Amino acid sequence: MNEKPRELYGAIARLQDEERARIPFEANLGALLEVVGGARQPKPRRAPLWLVWSSAVATSVGLTLGILWTLGAFAPAPELAPQLAPSPQLETPPATPDVLTATAGMVVQPVGPAQTLVFADQTQLIVASGAHLSVIGEAQVTLHSGTLSFAGAHRANNGWLLKAGPYEVSVLGTQFEMHWQPEAERLTVIVSQGSVRVSGPGGAQVVAAGHDWASGEQTAATADPDRTTEPTAAEADPTQAPSEPVASSIGEQARSPDPKKKPTPPRAPDWKALYERGDYVAALAVVEELGSESLLKKLSADELTMLADTARFAKDISLASTVLKRLRTRFAGGTQAQLAAYTLGQIAGDDDEASRWFETYLEEAPEGELRREAMGRLLELHTRTKSDKARALAKAYLNTYPHGPHAPLARLLEAEKGVE
Amino acid sequence: MTTARKILSNQAFDDPQALLEAFKARDQRAIAEVYRQHVKGITRLVQRVLGPDNERDDLVQEAFMCAIEGAAGFRGDASNFGAWLNQIAVMRVRQRIRKRRLRRWLSFREPEAMPERVSSVGQPAERLALSRAYHILGQLNADDRIVFGLRFIDRQSIPEIAELCKISCATVKRRLTHADARFRLLAGKDMILRDWLVGEVEL
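Protein sequence lines correspond, in order, to chains A and B.
Residue numbers 49 to 468, in this note's numbering, belong to the letters of the first sequence in order.
Residue numbers 661 to 863, in this note's numbering, belong to the letters of the second sequence in order.
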């Protein structure tokens with residue numbers, strides 16, 4: 049039995065186990081205990097079931113609720129009913145921050161628990177207690193003061209814009225938090241996933257996951273061990289730590305003694321580090337910021353391969369194809385150029401183009417490490433034609449790799465030849 | 661966090677039944693102890709079914725809240741209390757998947773546009789495979805997705821899954837067959853996953 053699917057499932061389980069080891073369970077327990085220990089009002093008793101159903105039957109509202117119930121929007125799993133307490137609390141979700149559907153013109157100033165706003169694109173903003181926020185449009189808000197957390201769709205350049213005083217935060221990724229103190233004109237942005245572009249009096253800058261950005265004060269990287277920026281001079285050598293606040297940890301203006309002086313954004317994050325972290329969308333955003341054309345001219349073959357993978361994994365197949373073709377031009381004859389041919393076959397838009405690239409790979413690398421895979425892919429592509437070429441390929445495949453993953457397919461082609 | 665650490669280090673429940681009774685009475689030390697004993701297992705179940713997900717931690721918290729709210733009506737004893745907690749977790753996950761599918765259906769939203777958490781561990785190729793696999797699993801219905809995650813990713817036995825989901829073994833097998841076929845069909849069209857999926861998996 050081929051073990052490949054099991055390898056996939058095993059790899060998934062392993063990754064999840066590693067990720068689980070990083071979850072701050074203790075912090076989550078603290079939050080749970082706060083909710084449990086908080087002064088919760090007793091919930092009103094549920095009306096008797098016969099009364100509920102009588103009302104439901106009497107009105108068409110009952111029918112509507114029944115449909116939603118059938119769709120599973122609110123109902124608990126029926127199979128658990130015997131085990132669970134008949135308490136009405138079980139049908140009510142546990143205490144969560146209030147959720148509102150955002151509409152243009154809405155002003156939010158939560159004084160109690162945090163307020164969650166859900167937008168049309170399913171983006172969620174959690175507005176902390178004491179913050180003051182206005183909804184300007186479907187994808188635009190102004191933070192007048194306080195803290196908000198942003199969790200948006202996982203797409204680059206999704207059009208979201210968040211304003212705070214003179215600053216604008218354009219969303220390039222998924223999750224971040226921002227804090228605005230209007231009196232001090234100080235904005236802090238903490239990016240946990242994806243990236244954002246912060247623009248303001250100091251210019252514009254992309255801030256990637258694992259980084260904080262602060263105007264008018266030292267930029268503090270998060271405690272995330274996977275952070276991607278190099279340590280600042282002060283971090284690397286504590287003896288060099290400035291005795292007064294600096295505008296930013298990076299750049300000449302960072303040494304400005306006046307925190308209100310022109311704030312300087314931090315240096316652009318390294319797209320290769322983002323690639324290594326698996327944050328391909330953010331890496332691609334940085335590449336676009338730097339200008340992919342200039343990178344195509346100066347990157348090494350290995351770096352171009354990495355850039356192609358970044359584009360490929362971020363689903364920008366057009367850029368991946370451009371990068372791979374440039375790699376083949378600049379480093380013709382090299383191993384990376386050969387591998388680029390194989391990858392071009394993988395991402396080709398149609399069967400003919402894919403066949404050409406796999407054949408190119410086999411010609412250029414007759415003993416290449418991906419020879420078996422290239423032959424297998426070609427076999428798949430030629431199967432539909434059942435041509436002599438396909439049969440010759442099947443025969444060659446079986447001679448070389450009688451137990452390869454495409455051997456059953458090759459035998460099938462061989463058998464069809466016998467029938468004919 | 662400090663409070664939690666203090667409570668964790670102050671636990672004093674040698675008798676599981678006493679722990680259960682205290683948990684039912686909403687004793688904070690008992691809640692902390694139950695959480696400590698079961699949170700990893702419950703998180704594992706949620707992970708297996710949902711994969712990288714922004715709402716993973718919320719779901720785990722919800723499961724515990726649900727358990728705390730409903731503990732007074734729990735009629736079992738300490739020996740099956742853990743199983744009861746796991747059933748609640750699976751129930752919450754199932755509800756969440758159904759709600760999402762309903763929301764997606766109502767908003768005509770493509771799955772790609774929904775928020776997606778990115779795993780932060782492992783090699784890029786594996787992370788990508790993980791992400792793609794759960795993207796595809798997101799297209800299965802809740803029941804199929806649950807049995808798939810528990811059987812193939814978590815390697816639970818069919819009787820275990822049957823008990824967890826409160827269904828028969830035959831139903832588990834039927835759902836597994838359907839889920840496996842659907843997953844392979846979709847994964848076979850995926851550029852990243854197709855190479856992982858040559859071969860059969862024993863149900």
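Honestly, the hints are just simulated from the structure, not real lab data.
All values reported here derive from a predicted model rather than from experimental measurement.
Positions of the beta carbon are idealized from the N, C-alpha and C atoms, including for glycine.
Honestly, I wouldn't trust all of these hints.
[Said to hold, decoys possible] Derived pair list, reagent style SDA-like, types lysine to any residue, alpha-carbon separation capped at 25 Å: (1) B:LYS684 <-> B:ASN740; (2) B:LYS849 <-> A:GLU66; (3) B:LYS700 <-> A:GLU66; (4) A:LYS211 <-> A:ALA176; (5) B:LYS684 <-> A:ASN76; (6) B:LYS849 <-> A:ALA176.
[Said to hold, decoys possible] Pair ranges (Cβ atoms, derived): (7) A:GLY382 <-> B:GLY701: 48 to 58 Å; (8) B:THR831 <-> A:LEU460: 30 to 40 Å; (9) B:ASP855 <-> A:GLU66: 18 to 28 Å; (10) A:VAL147 <-> B:ASP855: 36 to 46 Å; (11) A:LYS443 <-> B:ARG763: 46 to 56 Å; (12) A:VAL166 <-> B:ARG854: 31 to 41 Å; (13) B:LYS759 <-> A:LEU343: 40 to 50 Å; (14) A:GLU324 <-> B:LYS849: 41 to 51 Å.
To see whether the hints hold, each was checked on the structure:
{"no.": "1", "hint": "B:LYS684 <-> B:ASN740", "verdict": "holds, 14 Å"}
{"no.": "2", "hint": "B:LYS849 <-> A:GLU66", "verdict": "violated, 28 Å"}
{"no.": "3", "hint": "B:LYS700 <-> A:GLU66", "verdict": "holds, 12 Å"}
{"no.": "4", "hint": "A:LYS211 <-> A:ALA176", "verdict": "holds, 16 Å"}
{"no.": "5", "hint": "B:LYS684 <-> A:ASN76", "verdict": "holds, 20 Å"}
{"no.": "6", "hint": "B:LYS849 <-> A:ALA176", "verdict": "violated, 43 Å"}
{"no.": "7", "hint": "A:GLY382 <-> B:GLY701: 48 to 58 Å", "verdict": "holds, 50 Å"}
{"no.": "8", "hint": "B:THR831 <-> A:LEU460: 30 to 40 Å", "verdict": "holds, 35 Å"}
{"no.": "9", "hint": "B:ASP855 <-> A:GLU66: 18 to 28 Å", "verdict": "holds, 23 Å"}
{"no.": "10", "hint": "A:VAL147 <-> B:ASP855: 36 to 46 Å", "verdict": "holds, 42 Å"}
{"no.": "11", "hint": "A:LYS443 <-> B:ARG763: 46 to 56 Å", "verdict": "holds, 53 Å"}
{"no.": "12", "hint": "A:VAL166 <-> B:ARG854: 31 to 41 Å", "verdict": "holds, 36 Å"}
{"no.": "13", "hint": "B:LYS759 <-> A:LEU343: 40 to 50 Å", "verdict": "holds, 43 Å"}
{"no.": "14", "hint": "A:GLU324 <-> B:LYS849: 41 to 51 Å", "verdict": "violated, 29 Å"}
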